[in-house]
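J.: For reference, the chains in residue letters:
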Amino acid sequence: MSIVSPGFSGRRRGDQKLPPGQYLVTDFPVLSAGPTPRVDTGSWQFRVTTETGQVRDWDWAAFRALPDEEITVDIHCVTKWSKLTTHWRGVSVDTLLEQAETSAQYVLARSYGGYTTNLPLADVRDGQAWIAFEYEGKPLAAEHGGPARLLVPHLYFWKSAKWVQGIDLMPTDRPGFWESLGYHNYGDPWREQRYWGD
Amino acid sequence: MARAAVLGRLSWQQGTVSEIHKETAAATSIAIDLPDWSGHLPGQHVDVRLTAADGYSAERSYSIASAPERGRVELTVQRLPDGEVSPYLTETLQPGYPFELRGPIGGWFVWDPASPGPVLLVAGGSGVVPLMSMIRSRAAAGSHAPFQLLYSVRGPADALYAAELAERQRQATGLRIDYVYTRTVPDGWPHPPGRLTAAMLPRADDHEPPAVFVCGPTGFVEAVANLLIQVGHQPGVIKTERFGPSGG
Amino acid sequence: MQTYLDGNVLAGPLGEVFAVDLTSAMAQCASCGARAAIGQAHVYLDNPGAVARCPSCGQILLRLVRTADRAWLDVRGISCLELSLPGE
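Residue numbers (the working numbering), protein chains in the order written: chain Y, 1 to 198; chain H, 1001 to 1248; chain L, 2001 to 2088.
Honestly, the hints are just simulated from the structure, not real lab data.
Being a predicted model, the structure only gives us computed values, none of them experimental.
Far from chain H, some chain Y residues (derived; all Cβ distances over 12 Å):
1) Val39
2) Pro120
3) Ala142
4) Trp196
Part of the chain H face toward chain L, derived, beta carbon under 10 Å:
5) Gly1043
6) Arg1102
7) Gly1103
8) Ile1105
9) Gly1107
10) Arg1242
11) Phe1243
Straight-line alpha carbon distances no greater than 20 Å define the calculated DMTMM-like cross-link-like pairs of lysine to aspartate or glutamate that follow:
12) Y:Lys80 with H:Glu1084
13) Y:Lys83 with H:Asp1082
14) Y:Lys80 with H:Asp1054
15) Y:Lys80 with H:Glu1059
All C-beta atoms, glycine included, are put in the ideal place defined by N, C-alpha and C.
Construct all of the structure, not just a fragment, from the sequences and the given hints.
T.: Shown next, in the form of C-alpha cells:
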C-alpha cells in the first residue's frame, strides 16, 4: 500500500512493440554475476557434449571458419529493459549441433566464469539461436560477453549466456544458475515469465 | 542513542518532505519528517521508493546526511544526468510532498558516536554524504574523537557542505578537513589540480590506528583503499562504500 | 576496473529477509575458509539477482533474488556465519 509520488512517471513504457512490463533503452546495460572473464581467442574453445559423453570442440579459427550470418533482433532483459533492432553476427547453433547424435531434449549452456543456463533443445534449433561474436559490426566486447556469447532473442536475455564455452545436451532438464534460484525455468517475455510460478 | 539492533524486518515508512535546499548545482538536500523514525547510526542509508500513478515504482538507496534525530532524517541526493530517480528528487519534489522510505539500513559501514578512537574519513564527490552524518553526529554527541576528513572533488563548486564544514572546523576541537581538487583549484591554491596521492594520506599510527571510512565512486574507493594500505593502514580497519561507477 | 560493489549494498535486500542486519556478520567462505564481514564481500548486482563473492578467493558466498513479494536465498557458499547479538 504505497503512496503515489506526485509528478513521477518513471521511464517510458507501454510501447506496443514491447513485451508486457518492458521499457525501451538506447544504451546497453551491463549486468553480471561476477568479474568479467578475460578470454583471449588464442585459448578460447567451444565444446558440444552429448548425453552419451561424445564431445566436439572448436578452437577460435575452426569456429570462425564455420558459416556465419547477420542477425537483427529485439532483446528483452528480465530487469525490464528492451533494446530493439540490435545487430549481431554469429554462427547458428544448428551448425554446431549438426553432427551431434542425440536424443536429448534439453541443453545447458556453460560460460567461462561458471555461469550456466538451461533451455529446451527445441528452442536453440531451427534458426532460433546463435553463438554471436560481433555486435553492431564490431567484435563483441568482453563486458557484453565477448569473445562469443549465446544469443537466444525469443527468451529473456539471461538465457543468452555471455562468455559461452559450451553446450551440454541433457536428457532431463536441469536448472541453471538463476533458474535454480527463482528465475523462471523457460523465460518467455511475451508471457512475462520472469520468476517461478509466473 | 540506543545501540541495540531494532529487530524486525525492514518495512516502508511514509513521511512528508519538510525542507529542500540546493547544496551545489547538482546536489540537493531533502529533509523528511517521519512519525515513526527513531534515529540511525551515522553511515547508514535508506531505500527510497517512488511510485507513479499507474503503480510503476522505482527504488534507490541514499546515505543519510544528518545526525540521528527522532522523527526526522535528511538526505543529500546527487542528480545523475540519465537517472530515473535523482532528477525527480532534485527537481520535482517539493516541501509537503509525501515521501516513502525504508531504513535505517546497514550495520557495517557505521561509526558509533560513543567510540573515542581516531577516525580517518576519505570522500570522493558525493561519497561525503555518509561521512557528513558522522561529522554531524560527532558534534551532536559532544565527542572529542579525533576526526580527519580528506575530501576529493573536481573543483570548489562541487564541494558539498563547504561552508558548514569550514564552520565546524573552526568551532570544533579535533576536527581537521583537507581538500583535494582534481580538475579546478580555488584561487590562490598552492598546488595544481590532481588526484589524491599516497603523500596526502596520513600514515597509519601504530600506537593508535584510526578507523578508516572511504566512500565514493568505485574507481576512487579502490584507488584510495590501495593507497591507504601502502601507507600502513591495515585492511581490517578500512571500511569502504562504493557508490558504483556513477558515484551515487 | 572491477565492477563490484561492497556488501553493504545488500543490507537493504537482506534486511527484507532477516530481522537483523547481516552486513556486519562474519562469513566463513566454504571454498577457501577466509572470514570477512558480509559488508566486505564483492557484490555483483545482476538484478533481480545479486551475487556476493568472497573478497579473498572470489567464489560465491551467497546469491539472492528478490521480486516485489518473494525472495530466494542460497547461502551454500558460507560454511559459517557469526553474528553479534544485542547484549543483555
